[in-house]
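K.L.:
Here's the letter readout for the chains.
4 protein chains.
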Amino acid sequence: MKKTVIEEIVNVKLKDPVLIEGLPGLGMVGRIATRYLTKQLNAKPFARLYSPHFPYYVLVNQKGSVRLLHCLFSFWKNKTGKHDLIFLTGDSQAQTIEGQYDVADTILDFAEKHGVKTIITIGGYRKEAEKKPKVVAVSTDLELLNKALKADAIASPSGNPIVGTAGLLLGLAKFRKTSALCLLGETRGYLPDPKAAKGVLTVLQNILKIEIDLSDIDKEIERAKKVIERMKKIAKERETHALKTRKIEEGKVTYIS
Amino acid sequence: MKKTVIEEIVNVKLKDPVLIEGLPGLGMVGRIATRYLTKQLNAKPFARLYSPHFPYYVLVNQKGSVRLLHCLFSFWKNKTGKHDLIFLTGDSQAQTIEGQYDVADTILDFAEKHGVKTIITIGGYRKEAEKKPKVVAVSTDLELLNKALKADAIASPSGNPIVGTAGLLLGLAKFRKTSALCLLGETRGYLPDPKAAKGVLTVLQNILKIEIDLSDIDKEIERAKKVIERMKKIAKERETHALKTRKIEEGKVTYIS
Amino acid sequence: MKKTVIEEIVNVKLKDPVLIEGLPGLGMVGRIATRYLTKQLNAKPFARLYSPHFPYYVLVNQKGSVRLLHCLFSFWKNKTGKHDLIFLTGDSQAQTIEGQYDVADTILDFAEKHGVKTIITIGGYRKEAEKKPKVVAVSTDLELLNKALKADAIASPSGNPIVGTAGLLLGLAKFRKTSALCLLGETRGYLPDPKAAKGVLTVLQNILKIEIDLSDIDKEIERAKKVIERMKKIAKERETHALKTRKIEEGKVTYIS
Amino acid sequence: MKKTVIEEIVNVKLKDPVLIEGLPGLGMVGRIATRYLTKQLNAKPFARLYSPHFPYYVLVNQKGSVRLLHCLFSFWKNKTGKHDLIFLTGDSQAQTIEGQYDVADTILDFAEKHGVKTIITIGGYRKEAEKKPKVVAVSTDLELLNKALKADAIASPSGNPIVGTAGLLLGLAKFRKTSALCLLGETRGYLPDPKAAKGVLTVLQNILKIEIDLSDIDKEIERAKKVIERMKKIAKERETHALKTRKIEEGKVTYIS
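Residue numbers (the working numbering), protein chains in the order written: chain A, 1 to 257; chain B, 258 to 514; chain C, 515 to 771; chain D, 772 to 1028.
Fair warning: there could be bad hints in the mix.
To be verified - Here are the simulated lysine-lysine pairs, DSBU-like style, with alpha carbons at most 30 Å apart:
#	chain 1	residue 1	chain 2	residue 2
1	A	Lys-177	B	Lys-259
2	C	Lys-631	A	Lys-63
3	D	Lys-888	B	Lys-434
4	C	Lys-516	B	Lys-431
5	A	Lys-150	B	Lys-320
6	A	Lys-225	A	Lys-127
7	D	Lys-945	C	Lys-516
8	D	Lys-784	C	Lys-516
9	B	Lys-259	A	Lys-127
10	D	Lys-902	D	Lys-815
11	A	Lys-3	C	Lys-648
12	A	Lys-63	C	Lys-591
13	D	Lys-948	C	Lys-516
No lab work stands behind these hints: they were computed from the structure.
Given the structure is predicted, the values throughout are model-derived calculations rather than measurements.
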């Protein structure tokens, strides 16, 4: 494999489709949200993107076979609304500077080919946790931005960087006749953050005018909460233990002197 | 985006133009000086350089949209003198070795296309601060060098390296019919240094025989000075605080023993 | 050398050949096993793969000359069975991400050209030492996987990564009419591990239905065992010495106080 | 500059030339020896090699201009012997893996074009200092190797790596009708080592049957010796000073307690 390629596995014709992208990144917000949509809407895979800029390992799958790291395009036929949806998520982002630009460009070529005129990218926005994480929106298109702001997203301060595919797709879309919106869920970013993803999903269903059942992501949020509580407990036990050890050692010192 | 490209946004015809380059680098001297000139002369943007060798993020702008990192060419019509001016500044330099050579070459191609026969590059020269920072000049053209020396620049010791675009443009210009001069403002280089930039501007207006109002950069210098004073004050307070803490601890030690 | 090339040194016609690959990697399992087979079966070299992605040094050989780092293809004519064998081992894997994909692809092109329909790759699987290291198998082909499992290999947990050429050959083989099996010998991976390699060889001779004399690898295992014992002894002596030194120092401290 | 290029500055016709290469590397042995020969024989520059794989800075020269990093080919017409000589030295080696292979290949193309059938590369061989550093020889050609061994070089142990251009030129020469010899001067490698270079020069003049005045390199050796002595003296003074400081501090401690 000498260059980034997209292999189409099913031939589909889509109605004025919107592309929604969420690759691994800060707090895994983009990937969690996009995978959740793919599952809930029962979207069907139709193309895979492979690249020599992805890490050079394969992953064992459940059948005892392997697969190259890749990104997966799935589609969803929207029976009631105007826009079919394409979802893009995957194993990894490109690992080199030039690879990042190359992969983003290849995605845009593919989108253009399928008649995509609107792209929504999803990512995380580093911020110390609040009760309810907000969703930050930026867009190449004022109308699209306003839709997001009406759907309770907030505007980004000027000067902020948006790193990786979620940002480059917007930057490169401006050279094409494609509008693009980026939704970033506020997250501390250390661990996979379904709560931040839920925030993005809430904004998203509003913009797309589709209804998504969010009860399953609430379960994910519960699980993530328990993981954090368990980690905090372990950390506390360690601290207590360390304190005891220190006291014992100080005791010793006293004894020795 | 698979390679470095220049997108021309306005069609301009320039009179024997001189290109002045100042990208981010040591003490931001080049960028500060070039942006200052662009503003003061009210130069107009006419082309943008994009490259897959720039960092792979985008920046949010004031309209809530984003832009790819890029370099910007602006022009200024010189009504009284012989040479129109082209200014080149931008967000970043190329991030890889091969990228640096590639971007510099693309700039020279563009300059040649627009009839540029003289290039002036601006950068910083690492030196511990003196009252009035000097400007170091090197050139591929003896006449050009002498102009700079007459304008109070000093010659560079032989063997010095000039890193990045400011240097490569000179090195690569020698393969073309282009003369190039590099002006380096002495700077400690830790912080954006408008004082070093002012030094370069003074030499530059002398060489270019144009008049530039330098009162605004004096304000920038004042601001930078205050920033430094504030930082020094904070550093001092920290020191005092640390000293107190130490004394208290030493006190304790005495007490314990 | 601007790209990966394969130089054929002998023209051979092979009968439905199986390619067995083992390059340097974890515990050197793949390389030890493949080299052992090459030697035992007296396989003959017939092609070399060179690449600008290999490290940029040469190795002095026994005649006082040098050789570029490369991978070596050897063949073995199977007089009694259905499949001739091709062995691939070498000095190094590619050093960059893109290089890894490039080299794996070049290997597959070459295999295809020689009519290879089955590839077996060998590597190490990191696991703390047990009495008898197991062999982990994954395959792009269920039948092939079952053969390995019958030959006492165990299935890999899903989600495991297989890094480097041993993995990429499987991942990329899926785009071609080539079946591929990967056999990973469990190893701690710190030192060359002939014991892990022997495990793989045992499975391999069963799958390939060829007999290989394993007495020589038992000698290698003995040698490796002695090396480890020697290293443990040295480590213990160091520890004892450190303990004594500490006691002496503690003595000093007592004395000083 | 998008790829490695050689710019010929003078048109020369050479008589069965031998190419002698010495780029910066371990102990600067190759560069010191090759530059010495170039000077002593008053060889004339005739071509420059530029590459986007060299570091991305330029060097200020004595005329106040700059030059790109490059390698320089010089020639020497041999009035009495059979072979003219080409010398290749320069500022830098390529900075990336692929760049190293690319630059070495470009050198060989150029050598072939000028009818070079023998190449001699020079480098350093890491070894703790002895009274008289030896010269280690390896060659793609047994006859050439024997010449070096007769001239008091010693053979290299098998398995040794030779890193960089000095090694790759030999490895890649084997694909062409070019013989190549590598001479490595033993050096500790920390500092420029004219003594190691002298060793190589002694062997070289014997092989090439030319006489080179070595009195100037003896002066360089003297200078290098003085530098080392000065450094040792400084190190000793520091040690003495540190010892005093420690004693004072220990004194304090006693006082405080």
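K.L.:
Below or equal to 30 Å on CA atoms is what counts here, so check D/Lys-888 against B/Lys-434.
P.N.:
violated (37 Å)
K.L.:
Regarding the pair A/Lys-63 and C/Lys-591, is the alpha-carbon distance no greater than 30 Å?
P.N.:
violated (33 Å)
K.L.:
Sort out whether C/Lys-516 lies within 30 Å of D/Lys-948, counting only the CA atoms.
P.N.:
holds (19 Å)
K.L.:
Taking 30 Å as the top limit, are the C-alpha atoms of A/Lys-177 and B/Lys-259 close enough?
P.N.:
holds (19 Å)
K.L.:
Measure nothing beyond the straight line between the CA atoms of A/Lys-225 and A/Lys-127; if it is 30 Å or shorter, mark the hint as holding.
P.N.:
holds (18 Å)
K.L.:
Between B/Lys-259 and A/Lys-127, does the CA-CA distance stay at or below 30 Å?
P.N.:
Given that 30 Å is the threshold and the Cα spacing comes to 33 Å, the pair is violated.
K.L.:
For C/Lys-631 and A/Lys-63, compute the direct alpha-carbon distance and say whether it is at most 30 Å.
P.N.:
holds (21 Å)
K.L.:
Does the alpha-carbon distance linking D/Lys-784 and C/Lys-516 stay inside the 30 Å limit?
P.N.:
holds (28 Å)
K.L.:
Is it true that the CA of A/Lys-3 sits at most 30 Å from the CA of C/Lys-648?
P.N.:
With Cα atoms ~37 Å apart, A/Lys-3 and C/Lys-648 exceed 30 Å; violated.
K.L.:
Holds or violated: are the alpha carbons of D/Lys-945 and C/Lys-516 at most 30 Å from each other?
P.N.:
At roughly 16 Å apart (the allowed maximum being 30 Å), C/Lys-516 and D/Lys-945 satisfy the hint.
K.L.:
Taking 30 Å as the top limit, are the C-alpha atoms of A/Lys-150 and B/Lys-320 close enough?
P.N.:
holds (16 Å)
K.L.:
What's the verdict on C/Lys-516 and B/Lys-431, does the C-alpha distance respect the 30 Å limit or exceed it?
P.N.:
holds (27 Å)
The structure shown violates the earlier hints numbered 3, 9, 10, 11 and 12.
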